[in-house]
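*Asks:* What follows is the residue order along each chain.
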Amino acid sequence: MVSLMDIFTILVFFLLVNSSDVETLSSNDSIKLPESISESKPRETLVIAVNAEYILLQGKKVSDVNAVLNSKANVIEGLKQELLKLAKIGKLTSEQSAFVGEVTIMGDKQIPYKLLKKIMMTCAESDFGNISLAVQQRAKG
Amino acid sequence: MRRRIRRQYVSPELDITAFMNLMVILVPFLLITAVFSRITVLDMALPTAGEGNQDTANKFQLEIIVRENKIIVQEAESQLSAVIKKKNGAFDYSLITQALVKIKETAPNENSATILAESEVEYDVLVQVMDHTRMYQSKEFQESTFLELFPGISIGDAPMGKK
Numbered sequence: 001m002v003s004l005m006d007i008f009t010i011l012v013f014f015l016l017v018n019s020s021d022v023e024t025l026s027s028n029d030s031i032k033l034p035e036s037i038s039e040s041k042p043r044e045t046l047v048i049a050v051n052a053e054y055i056l057l058q059g060k061k062v063s064d065v066n067a068v069l070n071s072k073a074n075v076i077e078g079l080k081q082e083l084l085k086l087a088k089i090g091k092l093t094s095e096q097s098a099f100v101g102e103v104t105i106m107g108d109k110q111i112p113y114k115l116l117k118k119i120m121m122t123c124a125e126s127d128f129g130n131i132s133l134a135v136q137q138r139a140k141g
Numbered sequence: 001m002r003r004r005i006r007r008q009y010v011s012p013e014l015d016i017t018a019f020m021n022l023m024v025i026l027v028p029f030l031l032i033t034a035v036f037s038r039i040t041v042l043d044m045a046l047p048t049a050g051e052g053n054q055d056t057a058n059k060f061q062l063e064i065i066v067r068e069n070k071i072i073v074q075e076a077e078s079q080l081s082a083v084i085k086k087k088n089g090a091f092d093y094s095l096i097t098q099a100l101v102k103i104k105e106t107a108p109n110e111n112s113a114t115i116l117a118e119s120e121v122e123y124d125v126l127v128q129v130m131d132h133t134r135m136y137q138s139k140e141f142q143e144s145t146f147l148e149l150f151p152g153i154s155i156g157d158a159p160m161g162k163k
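Respectively, the protein sequence lines represent chains A and B. Heads up, the first sequence is in this note's numbering, so the first residue is 1 and it goes up one at a time. Heads up, the second sequence is in this note's numbering, so the first residue is 1 and it goes up one at a time.
If you are wondering where the hints come from, they were derived from the structure by calculation, not from laboratory data. Just so you know, even glycine gets a beta-carbon here, dropped at the ideal spot from N, CA and C. Some hints here could point you the wrong way.
Pair ranges (Cβ atoms, derived) [claimed, not checked]:
hint : chain 1 : residue 1 : chain 2 : residue 2 : range
1    : A       : 138       : B       : 18        : 40 to 46 Å
2    : B       : 106       : A       : 100       : 32 to 38 Å
3    : A       : 138       : B       : 10        : 52 to 58 Å
4    : B       : 88        : A       : 54        : 27 to 33 Å
5    : B       : 108       : A       : 39        : 19 to 25 Å
Once the Cα atoms are required to be at most 25 Å apart in a straight line, the calculated SDA-like pairs of lysine to any residue come out as [as the list claims (entries may be wrong)]:
hint : chain 1 : residue 1 : chain 2 : residue 2
6    : A       : 72        : B       : 104
7    : A       : 117       : B       : 74
8    : A       : 41        : B       : 148
9    : A       : 72        : B       : 125
10   : B       : 104       : A       : 40
11   : B       : 70        : A       : 37
12   : A       : 32        : B       : 119
13   : A       : 117       : B       : 17
With the hints as constraints, model all of the structure from the sequences given.
*Replies:* Structure representation (structure tokens):
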């Protein structure tokens with residue numbers, strides 16, 4: 001009985017320590033992130049999620065992947081509109097300090113560079129210059 | 001004397017039922033919330049539109065061209081280059097590291113690299129190339145250490161050329 005209590009106590013402390021770093025990005029089943037050895041933690045930013053079918057901004061669908069891939073334009077209009085709206089709000093709320101838009105792109109492994117480029121172009125045009133790419137941390141060997 | 005006998009007689013049984021209840025609830029709860037796959041980010045600086053090659057004075061120019069079936073690593077100053085072909089549907093990324101380590105030896109103070117990708121290249125390949133350009137895992141010492149290669153990565157379009 002005492003040993004059981006010991007196990008539980010150790011387990012509880014271990015899990016408490018483990019869960020102390022709060023996850024800021026929620027993973028999605030439709031998106032398989034690429035693996036990387038990067039160690040920098042995600043910050044609280046806007047999240048653009050890209051899966052095989054849709055482009056989602058903060059969980060809201062803004063564009064179809066196929067439509068974007070087929071279009072010749074370098075900028076994704078639907079995404080740009082939404083980003084500009086958010087940039088405007090951001091500029092209003094941060095009065096003195098210059099507004100620097102930060103955005104995290106959670107892209108599926110399979111998406112082509114073409115699509116990624118268009119998304120990044122759109123971000124750059126809408127005053128979101130700081131882009132981070134979300135990746136899955138690989139267990140170190 | 002009497003007291004001593006009594007003490008031996010009463011076994012020290014702890015009542016831990018309440019504690020156990022707490023643990024039983026707490027353990028599954030923490031197990032659910034525990035994060036086993038950590039998500040991290042790669043930071044990137046976007047080249048502003050129309051910037052191009054601004055410092056022509058700097059001869060060092062490392063380009064990693066990622067095409068659908070091969071990766072070309074080339075550097076202008078030391079004329080070092082390497083071509084990595086796709087084998088069995090995957091690149092051998094350690095070859096990139098080897099090439100980059102050589103380049104790093106010729107120019108230890110440089111840390112910028114340009115990754116030029118073709119439009120059909122998968123995101124995963126791109127991230128792997130970025131990973132291997134950023135740093136490498138040294139096996140020279142007993143414990144593996146991460147050494148910096150070229151962390152200043154910018155991304156661009158691959159020039160059209162012969163396949």
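*Asks:* Decide, hint by hint, whether the structure agrees.
*Replies:* Structure-based check of all given hints:
1. A:138 / B:18: 40 to 46 Å: 42 Å, holds
2. B:106 / A:100: 32 to 38 Å: 36 Å, holds
3. A:138 / B:10: 52 to 58 Å: 57 Å, holds
4. B:88 / A:54: 27 to 33 Å: 32 Å, holds
5. B:108 / A:39: 19 to 25 Å: With a Cβ separation near 23 Å, residue 108 of chain B and residue 39 of chain A satisfy 19 to 25 Å, so the hint holds.
6. A:72 / B:104: Violated, at roughly 39 Å.
7. A:117 / B:74: 22 Å, holds
8. A:41 / B:148: 19 Å, holds
9. A:72 / B:125: 24 Å, holds
10. B:104 / A:40: 24 Å, holds
11. B:70 / A:37: 23 Å, holds
12. A:32 / B:119: Holds, at roughly 20 Å.
13. A:117 / B:17: 59 Å, violated
Hint violations for this structure: numbers 6 and 13, all remaining hints satisfied.
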